[in-house]
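Here are the chains, one letter per residue:
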Amino acid sequence: MKRLIATLALLATPLSAQDFSEGSNAREWNLYAESPATFEATVVDLLCTVAGDCANECGDGRQLGLLRSVDDVLVYPNKNSQTSFNGAAYDLHPYCGKLVDVDGLLIEDEDIPGATNIYLVQTIKEAGAADWAKANQWTKVWAKKHPDAKGKGPWFRRDPRVLSFIEADGYLGQGLSPEEAYEITQ
Amino acid sequence: MYLKQLLAAALAAAGLAAPAAAAEGTRVQITGEIIDTWCYFSGVMGGTDAVVGSAHHTCALWCSAGGIPVGLLGDDGEVYMVLKIEGDDQSASGDTQMTLASHEIVADGMLYERDGLNYLVVEKVVEDRGITNLNHEDYGVVPPFAIPKPKK
Chain A
1 MKRLIATLAL LATPLSAQDF SEGSNAREWN LYAESPATFE ATVVDLLCTV AGDCANECGD
61 GRQLGLLRSV DDVLVYPNKN SQTSFNGAAY DLHPYCGKLV DVDGLLIEDE DIPGATNIYL
121 VQTIKEAGAA DWAKANQWTK VWAKKHPDAK GKGPWFRRDP RVLSFIEADG YLGQGLSPEE
181 AYEITQ
Chain B
187 MYLKQLLAAA LAAAGLAAPA AAAEGTRVQI TGEIIDTWCY FSGVMGGTDA VVGSAHHTCA
247 LWCSAGGIPV GLLGDDGEVY MVLKIEGDDQ SASGDTQMTL ASHEIVADGM LYERDGLNYL
307 VVEKVVEDRG ITNLNHEDYG VVPPFAIPKP KK
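So the protein lines, in turn, are chains A and B.
The first sequence: position 182 = 182 (my numbering), numbered continuously.
If you want my numbering, it's the position in the second sequence, counting the first as 1, plus 186.
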């Protein structure tokens, strides 16, 4: 009944003004257009849901979305809770096809075309479950995939593919040596 | 069960309960730059002019490898979220999208629109012009730590 009342209340509210902050424990990132947002959703394969390309539905390496229960809006989780350039697909993958509760930050920036229904997921749990899991799995999955890339520093300084691109084209993609690229950007 | 039916009826009455069926796409050809969408949308590293092009190339590689969605920033100023490129459905950290990081391309494919976002299935990269936005001349490198200080 509570959800029904909440839904009916939302129906009377303009979509752009909907507020999902109630009950959120999301940590602020102090981004210009962020709002804390917690909601129930189904984790869906975006390529399947949007384009009907379902042959590899929920397969490894595909981006996943959050189909919000209360209004059927498709939210795009661009980011997980980590601060080292990590998306959310690894964190959402175990839940693909399932109903979940998520908590995080919703980005709605009217000044940037397309910056709507963009989400940073911080915690996730199956709907109705008691315990939340942190959305911080990316670096752990990466470490398992790259046992030979152990070393000091963050993953992005050691990732074999990133290093190969920088080796080939330089930090600016212009074929400059690291010294040259550093010098001209100071 | 009664509540579910009531809820469904309420949503349907408001036109919000359409099933999650895929929409029909529109064939398009879009020219633009393959970008890292999180930095672009969130402003976490500055304005939109600074988180594209050569200035942001290394970060674009990091984000693409890190599974952050890539988008095609069209000449029209719209962002098209890329879900597939020439048969490669690895839109979270895939190889194909990494080869195009910061590149200006001409993409032919199918456009889908949903809830304010544009989604693009690239069937063919008609042209790859490489990195054409040399904005490091204006912004240096973004973020500044992307290029390590050379050891003497």
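Where hints are given, some of them may not hold.
What follows is a list of derived Cβ distance ranges for each label pair [as the list claims (entries may be wrong)]: (1) P336/B with G128/A: 48 to 56 Å; (2) P336/B with S35/A: 39 to 47 Å; (3) P160/A with L320/B: 40 to 48 Å; (4) K134/A with T217/B: 20 to 28 Å; (5) P330/B with L31/A: 13 to 21 Å; (6) T212/B with N30/A: 24 to 32 Å; (7) Y32/A with V312/B: 34 to 42 Å; (8) G263/B with K140/A: 33 to 41 Å.
Just so you know, the hints here were simulated from the structure itself, not pulled from any lab data.
The beta-carbon is built from N, C-alpha and C at its ideal position, and this holds for glycine as well.
Checked hints:
1. P336/B with G128/A: 48 to 56 Å: holds, 54 Å
2. P336/B with S35/A: 39 to 47 Å: About 42 Å separates the Cβ atoms of P336/B and S35/A, which means 39 to 47 Å holds.
3. P160/A with L320/B: 40 to 48 Å: violated, 27 Å
4. K134/A with T217/B: 20 to 28 Å: violated, 40 Å
5. P330/B with L31/A: 13 to 21 Å: holds, 19 Å
6. T212/B with N30/A: 24 to 32 Å: violated, 38 Å
7. Y32/A with V312/B: 34 to 42 Å: Holds: the Cβ-Cβ distance is about 35 Å, inside 34 to 42 Å.
8. G263/B with K140/A: 33 to 41 Å: Given range 33 to 41 Å: holds, Cβ gap about 37 Å.
Hints 3, 4, 6 from the list above are not met by this structure, while the remaining hints are.
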